[in-house]
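Position 196, counted from 1, in the sequence shown is what the working numbering calls 196; the numbers after and before it change by one each time, with no gaps.
Since the hints were derived computationally from the structure, they do not count as laboratory data.
Where a beta carbon is used, it is the ideal one built from N, C-alpha and C, also for glycine.
There's no promise every hint is true.
[What the hints assert, rightly or not] Distance windows between CB atoms, simulated:
{"#": "1", "residue 1": "P294", "residue 2": "H88", "range": "41 to 49 Å"}
{"#": "2", "residue 1": "G308", "residue 2": "P217", "range": "35 to 43 Å"}
{"#": "3", "residue 1": "E127", "residue 2": "A307", "range": "35 to 43 Å"}
{"#": "4", "residue 1": "S193", "residue 2": "R100", "range": "44 to 52 Å"}
{"#": "5", "residue 1": "A139", "residue 2": "R214", "range": "25 to 33 Å"}
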Amino acid sequence: MDRSTRDTSGQGPVRFGIAGTPVASGIAGTGSEPDGTRIEPDGTVALVASDRLESTGAPPGASASPSRPHGSPVGTASPSRRRRDLDHRLLEVMGRLTDRDRRLVRLLDDHRVLTTAQVADVGFTGERRARMRLGELYALDILDRFRPATWATPAPYHWTLGPLGAALLAAESGLDGSLPAWRRTLAHDLAHSQRLTHLVGVNGFFTALLRSARTRPGCSLSEWWSERRCAHEWGAVVRPDGYGIWSEQSTTLPFLYEHDNGTEQLGRLAAKLDGYRRLAEAAGHPNWVLFTFPTPRREHEAARVLAGQGVPVATAARSRSAPPDAAIWAPVAGNVGDRRLRLAAFAHLPPEVA
């Protein structure tokens, strides 16, 4: 690794190329992939199609026209015809979309799935208003939705991009010609994915911060990077579950996030810190790594193995009653006693406490 590449801006870790070489300093940007595409964990580029079109046999992104002659070929529309159909339908609904709708579409492109409660955290006064607007966007094919199979009571709706939401992103990005390839099974695969709970949990951490930012003057979450974007930037060194910049009044805290569901061995958690140490060396400064855990007992057990690793780490047990910016955090080392600190306090706490 080229140790000469440093981030002198103090904003966060450096970027890394595919081979793990630092290629640019600082963290800034819009949260989209550098080339405007979406990169799945398996390396494919994908947009989500509405499963409501599956039963019609319509080609991806095409409207389910009831006037199609019985027995006519299915799925034979050319890419240019498919694009024209999407463009026509998009023009019909453009005037009905708000800035909040567009922001939600961009968030779903970056972070793949949000529950109804998380969407409410992002931009609504309550879940009832969120449900009403989400239902309208679903009817317009801007969004799609699914309920994961559970043994408990009916799960809440989980929201993803619909075909017109994907077309809107393509139009805003200035993409011409054929849309990127659709993966019609993505929503189904996501609904049955073993990683869905983890993904929703990570997104819930950040949407809770967005809710605090909306309701507390002087607060903001100016950056929220997904696991996929973190992997794109630093995957050869470390793969955090997220990266964010939290601001409170005049205080700004860049941080890296790890979401633990209690399923990994504690040794594997500690092993991750080597990558964070390498990232700090390349950037020229450390960033706090925040771990959250499902229970206080799990947090206590993990804190013992995370201490003394040369990386500034803070831990918290997740709570529905306290938002992530509240005084729930404890550094794993340092002379702070049993006090819990607010998230913003770590901007003033020397990382050498680790």
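How the hints compare with the structure:
The hint said 41 to 49 Å for the Cβ distance between P294 and H88, and at roughly 48 Å that hint holds. The hinted range of 35 to 43 Å is satisfied by G308 and P217, whose Cβ atoms lie roughly 39 Å apart. Here the CB-CB span from E127 to A307 is close to 39 Å, well matched to the stated 35 to 43 Å. Separation of S193 from R100 is about 28 Å and departs from the stated range, judged on CB atoms against 44 to 52 Å.
Against the hinted window of 25 to 33 Å, the Cβ-Cβ separation of A139 and R214 comes to about 26 Å, which satisfies the hint.
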